[in-house]
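Q: If you read the protein sequences in the order shown, they are chains A and B.
The opening residue of the first sequence carries number 10 in the numbering used here; numbering runs sequentially from there.
The opening residue of the second sequence carries number 130 in the numbering used here; numbering runs sequentially from there.
Take the hints with a grain of salt, since some may be wrong.
Unchecked claim - Here are the computed lysine-lysine pairs in the DSS-like style, where the Cα-Cα straight-line distance is at most 30 Å:
id : chain 1 : residue 1 : chain 2 : residue 2
1  : B       : 421       : A       : 12
2  : A       : 285       : B       : 233
3  : B       : 239       : A       : 44
4  : B       : 233       : A       : 13
5  : A       : 13        : B       : 318
6  : B       : 318       : A       : 15
7  : B       : 134       : A       : 194
8  : B       : 176       : B       : 318
9  : B       : 318       : A       : 166
10 : A       : 166       : B       : 235
11 : B       : 134       : A       : 44
12 : B       : 235       : A       : 285
13 : A       : 44        : A       : 64
14 : B       : 239       : B       : 421
15 : B       : 239       : A       : 285
16 : A       : 13        : B       : 235
17 : A       : 44        : B       : 147
18 : B       : 233       : A       : 166
19 : B       : 318       : A       : 44
20 : B       : 235       : A       : 194
21 : A       : 188       : B       : 133
22 : A       : 194       : B       : 318
Said to hold, decoys possible - Some chain A residues close to chain B (C-beta under 8 Å, calculated; not the full set):
id : residue
23 : 30
24 : 34
25 : 40
26 : 100
27 : 107
28 : 116
29 : 121
30 : 122
31 : 126
32 : 212
33 : 214
34 : 231
35 : 241
36 : 269
37 : 274
None of these hints come from the bench; they were simulated from the model.
All figures in this text were calculated on a predicted structure; none of them were measured in a lab.
Just so it is clear, CB atoms sit at the ideal spot from N, CA and C, and this is done for glycine as well.
The chain contents come next:
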Amino acid sequence: MIKKIKYFFNWILLLGSTLLVCLILGVILWDIFSKGISSVSLNFISQFPTDGMTKGGILPAVIGTLLLTFITTIFAVPFGVACAIYLNEYARPSALTNIIRASIRNLAGIPSIIYGLFGLALFVQALHLGTSVLSAGLTLGLLSLPYIITTTEEALKRIPNSMREATLALGATQFETIKDVVLPKALPGILTGVILTMSRAAGETAPILFTGVAFYINGITASPYQEFMALPYHLYMLSTQHQAIEEVRPLAYGTATVLILLVFLLNIIAFYIRFKNRTQN
Amino acid sequence: MSIKKRERTDWLLKKIFKATGLITIGLLTGIFLMLLYNSIAFFADIKPVDFLTGSQWDPESAGGKYGIAPLLVSTGLVTLGAMLIAIPLGIFTAAYLSELAHPKVKAILKPLIEMLAAIPSVAIGFLGIVLVGPGIAKIFGIANGLNAFNGSVLLAVMALPTIITISEDAINAVPLSHREASLAIGANKWQTIFRVTLPAALPGLIAAVMLGLGRALGETMTVLMATGNAAVMPSGFLDAVRTITATIAIEMGEVPYQTTHYFALFAIAVILFLITLLINFLGEYFANRLRKFHG
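So that you can see chain B by itself, here it is in the shape it has in the complex (with noise of 0.2 Å):
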């Protein structure tokens, strides 16, 4: 082959690579502009300020009511109770992962957190079904365990992963020298690693919440078949919930192609959108801090 054809074909496929990065920001944009061109229809018929407040979705009534409020409170509710659950676990568990356990052990443990994030969410969320939700209204003496209870315990289990490894990689990025100066100065072993190394991981343990939480939020079939499917104002974590995710589920599949109805599951994306896109630029702002402090 001639130098000028190497050449070219080298020019030509610089270019190729390019235009798969410069994808990437297209799809993003693209699946915005989507989801905001389907739901302007949907605005053209609710006002804006009665979908954000209105505390009644039942887009079968007659004029059709909605509003997301309940909806939001379901997500929140659900999320709220995974991360209370998660949070703790999660960071303790990485603690004992980098500061307490034998390298053996910890080859052991690695794999199993791994096989912990392959499960798939529809297996969780059966397990929902079959074994959490019969234990809760065993434990509450409630008829039905599908509620915002069920769901929060499945998404703490899916947020673990996400949470221990990410928390993990913060832990270990602590430099050792602050464990060695802590330990220098007479501290023991439990007061280097709640009072130096944990807070100097923070930003980053917040980074790896924050995933955790995008993760949990995000999370359709575990709470479409646990949490009950109540689209109404829950008042507190064994009331039955529906998140906005189960909501564009159920209502997607049985709507009619470009009513009120079918927009209004892509309003509700939108704000699904915009939420991930805020925790997502939060948690990035935290590891963006916690490499600047230990760069």
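Excised from the complex, chain A in its bound form (with noise of 0.2 Å):
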């Protein structure tokens, strides 16, 4: 009976676990959405704020988001899945190989507000782009390298090697076999990976601190040189520095709303490409 009892906490235990942490996620999401859903409409996302941000939408943080992810993707992609490509084509199993994966999983765990500290020393500083979208862009990149690199290199894993062996016996070259046969096959891994790394692109706030973003710009941003509004940012200093806090707390609600829908598409879409592709195979 005592036993019986025992194995009885056990398994709250683990169950108890579970629930909590769902009811965690549950919370978050109520409590955002619920309060955050009101704000939400097609003005809010298509208006210029008003009023010293106390009114009016947030137009030129979603453009400054938009861009800004863009950024990071165009620049961090092509590096990223070109070192996934030597990574799992290329590289023989040796201390260089070695150390390249040391520095891959460092990098990933490196805090993201030292990222934003190397890109005001480099981007800002060293190269004058200045406090830019393109500064933060770059910034950003440099973060969701290792991530880019891990997914892309998970994409190729799958790829059997007797498709590499069949496209080399017919004579291709190794570029030609990477470039024709692998690369299509593996697009969709690596899409999806491209697309988690967009969203958390979006999200990310530390890194950009220094290194371009505005909580007030004239217009939108139109130039990569210029400085830019973005989301996350948006929701930080409206909940914590704004001189009518309590005045502008729906417009937060509002904004982290509209943040959380943004990534929760960026990987609903992921989602989607990644059960498709395995549907398919």
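Two chains, two frames, some hints: make the complex.
A: This is how it looks when you write it as structure tokens:
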């Protein structure tokens, strides 16, 4: 009998932990969506902020985040994919390969604020790009690099070796094999990783703090050398730095809702590509 | 295209791919050297001993006090609290997913955990202000809920997906034969989970905790928003604290370029960098032990 109670307790412990984790997610989404959804409308995302940010929409922040994510992706994807190709298709087990892999794992573990400092020193100051959406995008690109490399390598690993061998046996060079057989076949997997990276970049705040984000800009960011507004930074400023914090709370909830919806939308697209790719194979 | 031209292209691209691989090493060393280079100017002004042991962080005061101890203790306190919450919760959830959950339940739960991982840190920090903070203030009867405990709760939430995912992989990696042997000698399901499967997965579980710990230590926005940001030595979880990351985030935007204070922020970043590097190495060491053990 005592044993039965003990085992029941064990069961509660494991199931309870799992339910608590789900509850946490539920509370987060419920609190933000239930209070934020009433602020979100087409006008909210298509209008400029007015009256010292206490009214109006978040259009410049939406555009800033999209632009930032675009620059990050354009920069990080070619380097990340090329590095993954090297590791999976060319590199033999060696000390050098081990060092490269260890570097990538450590890069993934470096706090994002340190990437911010590095971006400040390298892009803003040394390369004279100034505080701009370009500097911030490049900084986020560096931050995203290890993530893109890892997901791309996973995708490349799933391509069976027999396909490479068949192409090589027909007389194709190794690069032709990669370009015409491996990459097209691995594309859905790579795309999934790219979209997940975009979703992470869209939500990052710390690396853009000193590299180009602004609380308010006049109009919208039209050139890569201009400063920009971004959704996560907008949420941070509205909830901590605004002079009328209570008054702008609905706007903060609205911004949080838009940000989370954007991130989830990207995740759902990635999930769909992965699902479709799996059912096809 | 002639065969010569094709081979030349092949050779050239091989070099290019290799170069991108080398860039990752360059980036890691570049980041470290940049931090180090910028902090040398700081250590010319402030003695490293005073920096590491000083109990006051007040760069704006006359003469400037650059003691990192309050920031280190703050970071340690918030992270410790987060781990106390996230480790049991994460490992038990991973054990449930791996050992008990029906495949259909698992197919629902895993995307939910991915959703939790996808929520931006700034949104979690926002909830620290509007939801967790007022909750803590009410429960403990204090005026303001922006303190170390708040930060711990939020960081636990942020570390959970990492700990759950990696722990589950570690538990899954324990060979089925271990469980079968345990069941065959008469142990029941619970004895098998707690005395065979989880201990066998221990190195992997430690690696998972290390990754979660690294994530919590390096997190900026949530602690910046939710912990009150008082750069004084905290005496408990209900005190306002200011972590290393939050200090960099707050002060880098305000300091004049190339002053002692400016370089000081790079110096504390060096400390943060070294701590995360150490945690990564520990995590990797334990992950390798798991691989050797089951490989």
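Q: It remains to establish, for every hint, whether it holds in the given structure.
A: Here is what the structure says about each hint:
Restraint check for residue 421 of chain B and residue 12 of chain A: the C-alpha separation of about 36 Å exceeds 30 Å, so the hint is violated. Restraint check: the Cα-Cα separation between residue 285 of chain A and residue 233 of chain B comes to about 19 Å, which is no more than 30 Å; the hinted pair holds. For a cut-off of 30 Å, the pair hint linking residue 239 of chain B to residue 44 of chain A stands: about 27 Å separates their Cα positions. At roughly 27 Å between alpha-carbon atoms, residue 233 of chain B and residue 13 of chain A fall within 30 Å of each other, so this suggested pair holds.
At most 30 Å may separate the alpha-carbon atoms for a hinted pair to count; residue 13 of chain A and residue 318 of chain B meet this at roughly 12 Å. For the hint pairing residue 318 of chain B with residue 15 of chain A, the CA-to-CA distance comes to about 12 Å; that is within 30 Å, so the pair holds. As the CA atoms of residue 134 of chain B and residue 194 of chain A are separated by approximately 26 Å, the hinted pair is consistent with the 30 Å bound. About 58 Å separates the Cα atoms of residue 176 of chain B and residue 318 of chain B, which puts this hinted pair outside 30 Å; it is violated.
Annotation: proposed proximity of residue 318 of chain B to residue 166 of chain A is violated, straight-line Cα distance about 35 Å (limit 30 Å). Of the supplied pair hints, the one linking residue 166 of chain A and residue 235 of chain B holds, its CA atoms being roughly 25 Å apart against a limit of 30 Å. A hinted pair counts as satisfied when its Cα atoms are at most 30 Å apart, and residue 134 of chain B with residue 44 of chain A does not qualify at roughly 63 Å. Of the pairs offered as hints, the one joining residue 235 of chain B and residue 285 of chain A holds, with about 19 Å between alpha carbons and a cut-off of 30 Å not exceeded.
A C-alpha spacing of about 17 Å is found between residue 44 of chain A and residue 64 of chain A, which places the hinted pair at or below 30 Å, so the restraint holds. Straight-line distance between C-alpha atoms of residue 239 of chain B and residue 421 of chain B comes to about 27 Å, which keeps the hinted pair within the 30 Å bound. A C-alpha spacing of about 18 Å is found between residue 239 of chain B and residue 285 of chain A, which places the hinted pair at or below 30 Å, so the restraint holds. Straight-line distance between C-alpha atoms of residue 13 of chain A and residue 235 of chain B comes to about 26 Å, which keeps the hinted pair within the 30 Å bound.
Distance restraint check for residue 44 of chain A and residue 147 of chain B: the Cα-Cα separation of roughly 51 Å exceeds the 30 Å cut-off, and the hinted pair is therefore not satisfied. For the hint pairing residue 233 of chain B with residue 166 of chain A, the CA-to-CA distance comes to about 27 Å; that is within 30 Å, so the pair holds. At most 30 Å may separate the alpha-carbon atoms for a hinted pair to count; residue 318 of chain B and residue 44 of chain A exceed this at roughly 44 Å. Under the criterion of a C-alpha separation no larger than 30 Å, the hint pairing residue 235 of chain B with residue 194 of chain A is consistent with the structure, at around 28 Å.
Using a Cα cut-off of 30 Å, the hinted pair residue 188 of chain A and residue 133 of chain B holds, with the two alpha carbons roughly 18 Å apart. Between residue 194 of chain A and residue 318 of chain B the alpha-carbon distance is near 43 Å, which puts this suggested pair outside the 30 Å criterion. The beta carbon of residue 30 of chain A is positioned within 8 Å of a beta carbon in chain B (closest approach about 5 Å), and the interface hint is therefore held. A distance limit of 8 Å between C-beta atoms decides the matter here; for residue 34 of chain A the minimum to chain B is near 5 Å, and the interface restraint holds.
For residue 40 of chain A, the interface hint holds, since its Cβ comes within 8 Å of a Cβ in chain B; the closest pair sits about 5 Å apart. At a threshold of 8 Å, the smallest CB-CB gap from residue 100 of chain A to chain B is about 7 Å, leaving the interface hint in force. Of the supplied interface hints, the one on residue 107 of chain A is violated, with its beta-carbon coming no nearer than about 11 Å to a beta-carbon of chain B, more than 8 Å. Annotation: interface hint on residue 116 of chain A holds; nearest CB of chain B at approximately 6 Å, less than 8 Å.
For residue 121 of chain A, the shortest C-beta to C-beta distance to chain B is roughly 6 Å, which falls under 8 Å, so the interface hint holds. Annotation: residue 122 of chain A was flagged as interfacial toward chain B, and the flag holds, the nearest CB pair being 4 Å apart, inside 8 Å. Using the Cβ-Cβ criterion of 8 Å, the hint placing residue 126 of chain A at the interface with chain B is satisfied: the shortest such distance is roughly 6 Å. A distance limit of 8 Å between C-beta atoms decides the matter here; for residue 212 of chain A the minimum to chain B is near 3 Å, and the interface restraint holds.
The beta carbon of residue 214 of chain A is positioned within 8 Å of a beta carbon in chain B (closest approach about 5 Å), and the interface hint is therefore held. Because the closest C-beta pair between residue 231 of chain A and chain B is about 24 Å apart, greater than 8 Å, the hint is violated. Hint status for residue 241 of chain A relative to chain B: holds, with the closest Cβ pair at about 4 Å, below 8 Å. At its closest, the beta carbon of residue 269 of chain A sits 6 Å from a beta carbon of chain B; the interface hint therefore holds under the 8 Å criterion.
Here the hint on residue 274 of chain A is broken, as its CB sits about 11 Å from the closest CB of chain B, past 8 Å.
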